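K.L.:
Spelled out from the first residue to the last, the chains are:
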Amino acid sequence: MVRSTQSATSRREFLVRSAATAAGTFLSISLPALGSRTAMAQAMSSFTPSIWFTLTPDGKVTMHIVKAEMGQHVGTGLAQIIAEELEVKWDDVRLDAPLESVENFAIYGLAYTVNSGSITTEFDRLSRAGAAGRMALIEAGAKVLGTNETDCTASNSRVTDRVSGRSVSYGEIIQKVKIDRKFAYPEDFKTIKLKVPGTYNIIGKSIPALDIPSKTNGQAKYGIDVFLPNMVYGALVIPRTRYGSKVKSIDDSEARKIPGFVKAVKVDDSMGKCTGWVVALAEKFPAAIRAAQALKVDVDPGPYGGLNTADLFAEYAQTTKNAAAGANWVLEGDVDKALAEAEKVLEMEYTTDMVCHATMEPLNATVHFVDGAWHVYSGTQSTSFARMTLTAYLSKVLGQKPEDIKIYVHESILGGGFGGKQDYDEILAAAYCAKETGRPVKLIQTRESTFATSFARTPTYHKLKAGLKNGQLVAMDHNICCGWMGPRFSVGKKYGTDWLGTPRKKTLISGRSAAATTGTMSKTIASALSTATVLPGRCKPARCARSQTRTTCSWSSLSWTR
Amino acid sequence: MPNLTINGQSYFADAPPDTPLLWVIREDLRLTGTKYGCGVGLCGSCTVHIDGQAVRSCSVTVGSVEGSMITTIEGLNPANAHPVQLAWIESNAAACGYCQSGQIMQAAALLSKNPNPSEQQIVVGMNGNLCRCATYSRIVSAVKRAAEIMNRAAEMTNEGASHG
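Those protein sequence lines, which keep their order, are chains D and S.
With my numbering applied, the first sequence corresponds to residues 1 to 562, in that order.
With my numbering applied, the second sequence corresponds to residues 1 to 164, in that order.
Everything labelled a hint here was simulated from the structure, so no lab data went into it.
It should be emphasised that the depicted structure is a prediction, and the values quoted were computed from it without experimental measurement.
Any given hint might turn out to be false.
To be verified - Per label pair, the in silico range of CB-to-CB distance: (1) Gln9/S <-> Lys257/D: 31 to 41 angstroms; (2) Glu119/S <-> Leu99/D: 38 to 48 angstroms; (3) Gln293/D <-> Asn114/S: 37 to 47 angstroms; (4) Glu148/S <-> Gln219/D: 17 to 27 angstroms.
What the hints assert, rightly or not - Residues of chain D clear of chain S, computed beta-carbon distances all greater than 10 angstroms: (5) Phe189; (6) Gly204; (7) Lys205; (8) Pro208.
Just so it is clear, CB atoms sit at the ideal spot from N, CA and C, and this is done for glycine as well.
All chains, full assembly: derive it from the sequences and hints.
P.N.:
Now the structure itself:
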């Protein structure tokens, strides 16, 4: 991680504040989130303190959704959480998505949508943000009604005095009273009393998803639907290998005959990203596709040029035979002894293939450099990682300090994600083409190039040995080899964003405890493997209850190359 | 310069006649509801109506559809009031939604020919439209619901007519 997320432990405050602007009075709530204290202080002083939602005098509440909308209607779910505690009328709820930037990162934390975790990770803080807003509105509403706040309740976007029965709408409250309510953070924030299951009015209901109507009349805007003035289109010449190709020369003599052809760009791949990429640029996308086909690119396919799937599986099988190569993820009991004592031992090899995520929306990115800032438009699962990766790339390519590079990533609806939109090669290449042309560039990977270059799931090889005694499974030895993302995914330690790390050999997960691993992704994989495997103490199918279990995992550097 | 009639409006397409209709609709006319998925007629994301027929717009050229009535998702009913759109919203049919313009156009064409399709006929009729989110069961339900809405509307119209 490039940023400490736990640096500030001192007492801080969060605010519920109304403000008058040219656009009218609004109520917003801000609270320290995940950024460093310095970044936070800068953000608080220079940024509209509108973090999780904004209430406007017309009574509408716009929820600011940081998670990517890629098919789960996550915005609706997250808005339900806030609305429940804010006691707002559901019909008044709207959604929008904050821009990703250094400033907003300091406020919202990492914008990253993966692992089906958005509701569970956001539930607590969004509930508390909604509740804090409600408390501030009740206090202000009591002032408007000329009564005691303890006599007031909130529901359906109104504050009501239980004694007199009089009420006032949220919209009216923020027009009549200036709200500037401070809560100590985290003390006050953590002690806010939340509703409990069984008392919910909005959570747990099957509410029509707010994003659907725009998807049934053609109005929803995906990353691929972005248009900018003077934009040029890019189509990729599919590289010979997914990793490690080098462009030797480009002959554009045929491409130049295509009307609308602009130029061929050899993308800077010195960082190990977009290796061997050449982009054909044209005034229209069909011309860009034709130009990409017409370009004659001489490529050195690099060290993986001759590799095929059979080579991968042969290497995986070989790797599993090398005891020193693997790390034990699960080790319960004495598996070798149990196997030796078994009445019958069954052995089997299993494989899974490389699988492309195959989102219906092919990979694409639009990048525009204007007024000293890079604007990125792309349906990505992490606008934050997109910004960080592009920062590292541009820093290398332009020879500028990362802090001097200003990037804004505009969140778009994703036409599917499935884990396949957390690689940023299109963005880097589009940015490089924008630098080369001085124009906004929309790079659309065709279906073919999406299949050829996307960050597919690794093939896996499994060698399983089972020991049986008295009809019971007494031992299981599961030896796995698969690919590691390696240098293509990680942008490299020397650029300051080596968040991936390298898998450390010999990691042991026994029972419920996981030994420390190197790198976030190692932990994620360890945790996925530990839950996916028969793990005594966590998962106990009856027939495996007495089995001795060992799961060994090793990685091959060959995967994700071709 | 081919002359196209799309959603009731006439356009001169600034594109060679062999350009796929899809790219003129999307990139020139900016009617982005019609989606690019595969470019070779295999996924159905780009489905539009040409003279009432559901057609993959990536696989027809602009030169071949001069004089035809072309309808895109934007022209079906902008207010989401077409029975298929109503049913889609009611059934929460869309997930990521990228394929759904094509699904809806396919379903609307199917129902215009067969107002009471069986489940089997729906599955066959929608077969060429892929959904990576796998909303297929919801799509089948939504098509059935759309048929109900259409038929109910037709009954009401008939009742209205019989009552003068």
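K.L.:
Now tell me if each hint is right for this structure.
P.N.:
How the hints compare with the structure:
Judged by the Cβ atoms, the range 31 to 41 angstroms given for Gln9/S and Lys257/D holds: they are separated by roughly 34 angstroms. Taking the beta carbon of each, Glu119/S and Leu99/D are about 45 angstroms apart, inside 38 to 48 angstroms as hinted. Remark: the range hint 37 to 47 angstroms for Gln293/D to Asn114/S is upheld by a beta-carbon distance near 41 angstroms. Taking the beta carbon of each, Glu148/S and Gln219/D are about 25 angstroms apart, inside 17 to 27 angstroms as hinted.
With 10 angstroms as the threshold on Cβ separation, the claim that Phe189/D sits away from chain S holds: the shortest Cβ distance comes to roughly 34 angstroms. No beta-carbon of chain S is positioned within 10 angstroms of the beta-carbon of Gly204/D; the least distance is around 16 angstroms. Lys205/D, annotated as away from the interface, keeps every beta carbon of chain S farther than 10 angstroms; the closest lies near 13 angstroms. Separation of Pro208/D from chain S is inadequate, the least Cβ-Cβ distance of about 6 angstroms not exceeding the 10 angstroms criterion.
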